[in-house]
Amino acid sequence: KAGVTQTPRYLIKTRGQQVTLSCSPISGHRSVSWYQQTPGQGLQFLFEYFSETQRNKGNFPGRFSGRQFSNSRSEMNVSTLELGDSALYLCASNLNPGATQYFGPGTRLLVL
Amino acid sequence: AQSVTQLGSHVSVSEGALVLLRCNYSSSVPPYLFWYVQYPNQGLQLLLKYTSAATLVKGINGFEAEFKKSETSFHLTKPSAHMSDAAEYFCAVSEPPSNDMRFGAGTRLTVKP
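These protein sequences, in sequence, are chains A and B. Note that our numbering numbers the first sequence so that position 67 is 1156, with each residue one more than the last. Note that our numbering numbers the second sequence so that position 16 is 137, with each residue one more than the last.
Keep in mind that the hints are not guaranteed to be accurate.
In silico contact screen, one side only, chain A against chain B (beta carbon under 10 Å); selected entries [unchecked claim]: (1) Phe1158; (2) Pro1186; (3) Gly1193.
Calculated lysine-lysine pairs in the DSS-like style (CA-CA distance at most 30 Å, straight line) [claimed, not checked]: (4) Lys1146/A to Lys190/B; (5) Lys1146/A to Lys233/B; (6) Lys1090/A to Lys179/B; (7) Lys1090/A to Lys170/B; (8) Lys190/B to Lys170/B.
I should point out that these hints are in silico values taken from the structure, not numbers from a laboratory. Glycine included, each C-beta is placed from N, C-alpha and C at the ideal position.
Just chain B, with the same shape it has in the complex (with noise of 0.2 Å):
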């Protein structure tokens, strides 16, 4: 079966210091990768998936991540933080044509004026 582990529970940065959150994951198949972030008191919104196409992927709000399958690794990074990505994110895989996404623990950015 398919897993997720994210490396470190918290991390802080600086506005506008780089942001590296650090994603491995299992799977017995080809996956698919997604990171998602979650505000709070509200749902998951995608940041940006992997399915198989390009390995550094582009999402929203200048976040990229870069597909490693040599190092099962899929890490989100941002060149330069800004206040708003304060957040939790969570990086998940699943296995298609299954819906059942595995989810990391989820990391918590905070970030510091």
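Chain A on its own, in the form it takes in the complex (with noise of 0.2 Å):
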């Protein structure tokens, strides 16, 4: 069975610019969450979808955002970049939400 994968696999924004990363769960997974690692602040919760909806977000401004589609893959959104969203960001998918979730290999976003 294939693993969680997300593309972009690294991206270069300037500051002011928006992006948006998307996650493929594995398949049969319907629940899908994100995360920031930093060298700084380690790794923090962003949100998690299940069946299309947000059941709950991090904390985190509202420039981060995200979606759920009805196959379960997953976008996030980030508005107005700032230098300090330089980041590996995580997705990780499970069955239903409170299962052992599985990580994808990560979007490595530079913002200049």
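Using the supplied hints, reconstruct the complex from the two chains, each of which is provided in its own coordinate frame.
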């Protein structure tokens, strides 16, 4: 069974731009979560989706948003990028909320 | 809210020596606990998980961890380190049914030949 896939793997943007990251979960998994990983703050929970609904959100500004489609694929969007948004963004999928999460390889975003 | 503390940001062992990575957790409800490993430029790979069944949990690559409620600990061990074990290790806690997993700061394991 294929794992979690994330596209693109690397991205360079400039301040003020917006970006959309994509995540395809493991086949059959209906729940998707996003995490941000930075050297300073470590791994932080962004939000989780199940059945196209956001169930939970971490402590991030409204510039960070996401959505989930009927096929369970998910996207996250960051608007008005700031230098501090440079990070590795990890997507994880699980069968249902609360089940073990399996991570994708991440998208590395660099904001210049 | 749940949280995790990993003691030691960097651990160095010799090949063949015991690996011990420490993790203490805080949770208001019976938690689920996890150890993940991250190799450079990769995502997180699940090593093992505790979900309120057996307190001694065996994972992949010879790793195991013991859940000790009285000590609020979930330390990761491996009897004999291998060069390929060099990576960053993260302990994490969640309170199901939420997906909100709280991670420790990570421990970088170095294995010396």
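Each hint tested on the structure:
1. Phe1158: With a closest approach of 18 Å, the Phe1158/A hint is violated.
2. Pro1186: 5 Å, holds
3. Gly1193: This hint holds: Gly1193/A lies near chain B, its Cβ roughly 5 Å from the closest one there, short of 10 Å.
4. Lys1146/A to Lys190/B: 28 Å, holds
5. Lys1146/A to Lys233/B: 41 Å, violated
6. Lys1090/A to Lys179/B: This hinted pair holds, its Cα atoms lying about 23 Å apart.
7. Lys1090/A to Lys170/B: Status holds; Cα separation ~21 Å.
8. Lys190/B to Lys170/B: 15 Å, holds
Against the hints set out earlier in the document, violations occur for numbers 1 and 5.
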